[in-house]
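Protein chains in written order, with our numbering: chain A, 347 to 606; chain B, 347 to 606.
Hints in this document: simulated from the structure, not taken from any laboratory.
A hint or two may mislead.
A pair holds if it fits inside one copy or across any two, identical chains being indistinguishable in the list.
Computed cross-link-like contacts, SDA-like style, restricted to lysine to any residue with a CA-CA straight-line distance of at most 25 Å [said to hold, decoys possible]:
(1) K495 with G547
(2) K510 with A363
(3) K360 with Y600
(4) K594 with E492
(5) K467 with P376
(6) K352 with G547
(7) K594 with F494
(8) K594 with M347
(9) K420 with D540
(10) K495 with D383
(11) K352 with N382
(12) K360 with Q486
(13) K495 with E412
(14) K360 with I511
(15) K508 with D540
(16) K413 with R429
(17) K495 with Q593
(18) K352 with R577
Here are the chains, one letter per residue:
Protein chains: 2
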Amino acid sequence: MDPRFKLVRAYRIKEGASATIEDPVTCETPITIYYNDQELVTLLCTLEYLDELAVGFLRSEGFIREKEDIRDIKIDPVAGSVRVSAGGPAAVAQNTFLKRYLTTGCGKGTSFYHLSDAVCKRVETGFQINSSQVLNLMIQAQRRSELFKMTGGVHSSAVCTKDKILFFREDIGRHNTVDKLSGRCLFDGVDTKDKILLTTGRISSEILIKSAKLGIPLIASRSAPTDLAIRHAAELGVTIAAFVRNQKMNVYTYPERVIP
Amino acid sequence: MDPRFKLVRAYRIKEGASATIEDPVTCETPITIYYNDQELVTLLCTLEYLDELAVGFLRSEGFIREKEDIRDIKIDPVAGSVRVSAGGPAAVAQNTFLKRYLTTGCGKGTSFYHLSDAVCKRVETGFQINSSQVLNLMIQAQRRSELFKMTGGVHSSAVCTKDKILFFREDIGRHNTVDKLSGRCLFDGVDTKDKILLTTGRISSEILIKSAKLGIPLIASRSAPTDLAIRHAAELGVTIAAFVRNQKMNVYTYPERVIP
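With the sequences and hints as input, model every part of the structure.
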């Protein structure tokens, strides 16, 4: 049984008639991430690549920097938990994380309002790509999105070279797709400083910062950016290409990196 | 100046040529909600109807039940805060809220994994509507979405009678659109037990529960539902109609309420 979707009965109404159908619906599952036995966060996600999700989340939040930091990962899909045991910059990250989460009351959404908290280096690079390559990558990504084609209920993101997709992840959460990619890249020792991040979701400030933390010079989306993401991108040296579809795109920052 | 969007310079690449354009981009602003001087949560949102957003959020989380609970609302758009002073079921809600947020580490996304925490009554109703009315409401909502048409970067939701939209809200956050509507309905004393909630966003478990808390019998979306939302809907007595577009829809729960 594929844990990513489920067939449910629905009544399809079309031009006044109705029929019973079996409809594939995306599954939404709460998974709690523990860091060295401390409960950190519960994410609603698609049940695959949970090791990547946990490690990518911990990497985005500054708990893990290198693959060598990780000692052990225990996934328990029945309990809905991933337990990561790790060394590394833990203590500092933990303080910052808990302070942030306690003072704001809420989690994920609030981690990074202030760029000074994001501990993000400016992306300095001579990276360039042809606009036709960006369009081509987006078409490749669309072809790959099988779960979306089936359920219409997930986002997808991909880490790419200029010519091809390296890793492709679908998840009901936009943020999770990027965390899963981040985890994968850490596991495989992939240098992301010359890679492209594609996403179907909007480019919000949070997605932008997750991407910038990986040192990625270009983030491209089929959808829209927000003003805050554009301001962060300008500060952090990231190129935003949005509305990448139908042979067109808008480039909002560092346009010299995308050659028409 | 309209605080909901901003004109930014972009480079539009189309068929190998590029041109500088002024592109309207949706604004994403962090707003912190205080409840009786206690900082509760920071939401990334669209800068309008902030009183509704704060009160709707507090209502969803169980801090406020009736309009009479509210003593004062202070909006400070420069500091990015809304301070609500209120009486009511505060103490209990506050304990539950803080406990949840502390134990899970993260906020919003994690509030309602367990239906027992949601303090939600089952929706019992003889409500019925024609499928053509649902389709017609969705068309009305699309016509109203001016910010989306301009920026492509927001979601919208609406509270409707069977024939017309009562309130329509656009926001960069799916959840915020519903909280704003909830706040509005509380301000105006609107009984939501025979109303419809329309949304452009996916129907996730969190949106479903926000809607069920208002006693709304039917939630309709242009987009997909998740399996968890469908299970909650079955338990809470809510009808889900999804993929409402192009003269079609799928009804997942309590289909007897939608007459083809």
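Quick rundown of the hints versus the structure:
no., hint, in the structure
1, K495 with G547, "both (15 Å within a copy, 17 Å between copies)"
2, K510 with A363, "between (45 Å within a copy, 24 Å between copies)"
3, K360 with Y600, "between (47 Å within a copy, 17 Å between copies)"
4, K594 with E492, "both (24 Å within a copy, 22 Å between copies)"
5, K467 with P376, "between (32 Å within a copy, 22 Å between copies)"
6, K352 with G547, "both (23 Å within a copy, 20 Å between copies)"
7, K594 with F494, "both (22 Å within a copy, 19 Å between copies)"
8, K594 with M347, "neither (39 Å within a copy, 29 Å between copies)"
9, K420 with D540, "neither (32 Å within a copy, 47 Å between copies)"
10, K495 with D383, "neither (38 Å within a copy, 47 Å between copies)"
11, K352 with N382, "neither (33 Å within a copy, 44 Å between copies)"
12, K360 with Q486, "between (32 Å within a copy, 19 Å between copies)"
13, K495 with E412, "neither (35 Å within a copy, 43 Å between copies)"
14, K360 with I511, "between (38 Å within a copy, 23 Å between copies)"
15, K508 with D540, "within (9 Å within a copy, 53 Å between copies)"
16, K413 with R429, "within (16 Å within a copy, 44 Å between copies)"
17, K495 with Q593, "both (21 Å within a copy, 20 Å between copies)"
18, K352 with R577, "between (40 Å within a copy, 12 Å between copies)"
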